[in-house]
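Using the sequences provided together with the hints, build the complete structure.
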Amino acid sequence: MKLNLKYGRGMVQADFRAPRRFAELKPKFIATLQKPENLVSQALAHPIGCHDFDYVFRSASSVLIVVPDEAQRVGGGVFLPIVLERLYRLGLSSRDITILVAGVWGARRNGIPQLLGARSSGHGHPRIVYHDARDAKSMEYIGRTRRNTPIFVNRLLLDFDRVLVCGGVNHHPFAGYDGGPSLVVPDCAGAETITRLSALTLDPFSPRLHPHCRGGVIEGNPLQEDMREAFRFLTIDFLLHTILNDCNQVIGAVGGEPLQAYAACCHRIDDIYRVPVAQLADLVLVSGGGYPHDRDYDTAHRALHHAIQAVRPGGVVILAAQCLEGAGAAQLATWLNEKDLSRLHEQLQRQYHPAGALAMSTRQKAGHARIIFISNLDSALVTALGFHSAPTLSEALQLAYAWLPNIDNCYLLPNGSNTIPFLV
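Using numbering that gives the first Met the number 0, the first residue of the sequence shown is number 0, and each one after it goes up by one.
Among these hints, one or two may not hold up.
Stated by the list, open to error - Quick list of simulated restraints, FRET-style, between CB atoms:
#, residue 1, residue 2, range
1, K1, R72, 27 to 33 Å
2, L323, I217, 30 to 36 Å
3, G48, P18, 43 to 49 Å
4, R57, K136, 32 to 38 Å
No wet-lab data here; the hints were simulated from the structure. Beta carbons are placed, not taken as given, at the ideal position from N, Cα and C, and that holds for glycine.
What follows is the structure in structure tokens.
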């Protein structure tokens, strides 16, 4: 058979001898004939666990709308104009509404004003504030979690009569899911909170990442549990999230009481993107999904994180990810200099750094399976990652055949960034 894997803005190709047991793992394709605007309006009119949107906000004197800095990707151009028009009809003016753009360490200015729609009913656009985790003056301390994480959040979350959290949800390789509580903590949190929260990805007893910090896992996931506990410190009145398919089309929307609505979102996302496997494979072929999902190693690591869950110990993973923008994580090369996992773990426990956690995650994967990496990265960096470099897919396959002369089963993940295999 002919293999075609997305690679940057192009493809890599090779002839492939498929073994007796071969399966392509990919999300369900779900489409809808309903317009996204209708889906959002239905979610506002028929929420989960609370009164409808108009009832919740009808007596509000001021409203804060929290949105992710990637709002456009999750349908912000659909839901923001609808939400604003409803608030205006309830008697609020643009002066009564503020949009807080969330983002870990600092929200990117990704064209939020262009998503708001035309100025309607004589109203101008609301004020837009971009969260900055390093701006201590804008933070307020609201408590400490049972895991001793101090929670500092943007003061705006406390200053408004009503708070609405809008966005989307997807699997997160460590937190289980993004969106929902994570849009508030850590995405609207202070620097100390982000660092302490992120450190929960480390197993406190072994030199590894916490085994429950992975996509689709809530129960026992210390990162997700801490985020939810911090979320409960605040009064969030309503959540509105879109559901996207593999083509980034809005196929659903969920609104309502924040945690109940979020649970429904996670269930929908699981149904689309989690893929059951009966056994672990000898060989897994995975594409980062093409640009922008493979723009750098930090981003492409998500696909590897998913693929490694489908391969047996001592098996082989072939990862195709162009990484034109390099490592993507500042200081990754420095952290990779530490070869001993125990010492790396100790350093991260003393002072957590995301590049260090990426190095540890990478080391764990290289210890679990042999990884052949087709990329644009310098070969020295690929070696430092603990991987084997291959210039083409054909050469990667030849190396895999040499290591595994009797391949019994193989999985193909054509879009590894959003495909979550799980063993049943």
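Do the hints match the structure? See the list:
| no. | hint | verdict |
| --- | --- | --- |
| 1 | K1 to R72: 27 to 33 Å | 31 Å, holds |
| 2 | L323 to I217: 30 to 36 Å | 35 Å, holds |
| 3 | G48 to P18: 43 to 49 Å | 48 Å, holds |
| 4 | R57 to K136: 32 to 38 Å | 34 Å, holds |
Hint violations for this structure: none, all hints satisfied.
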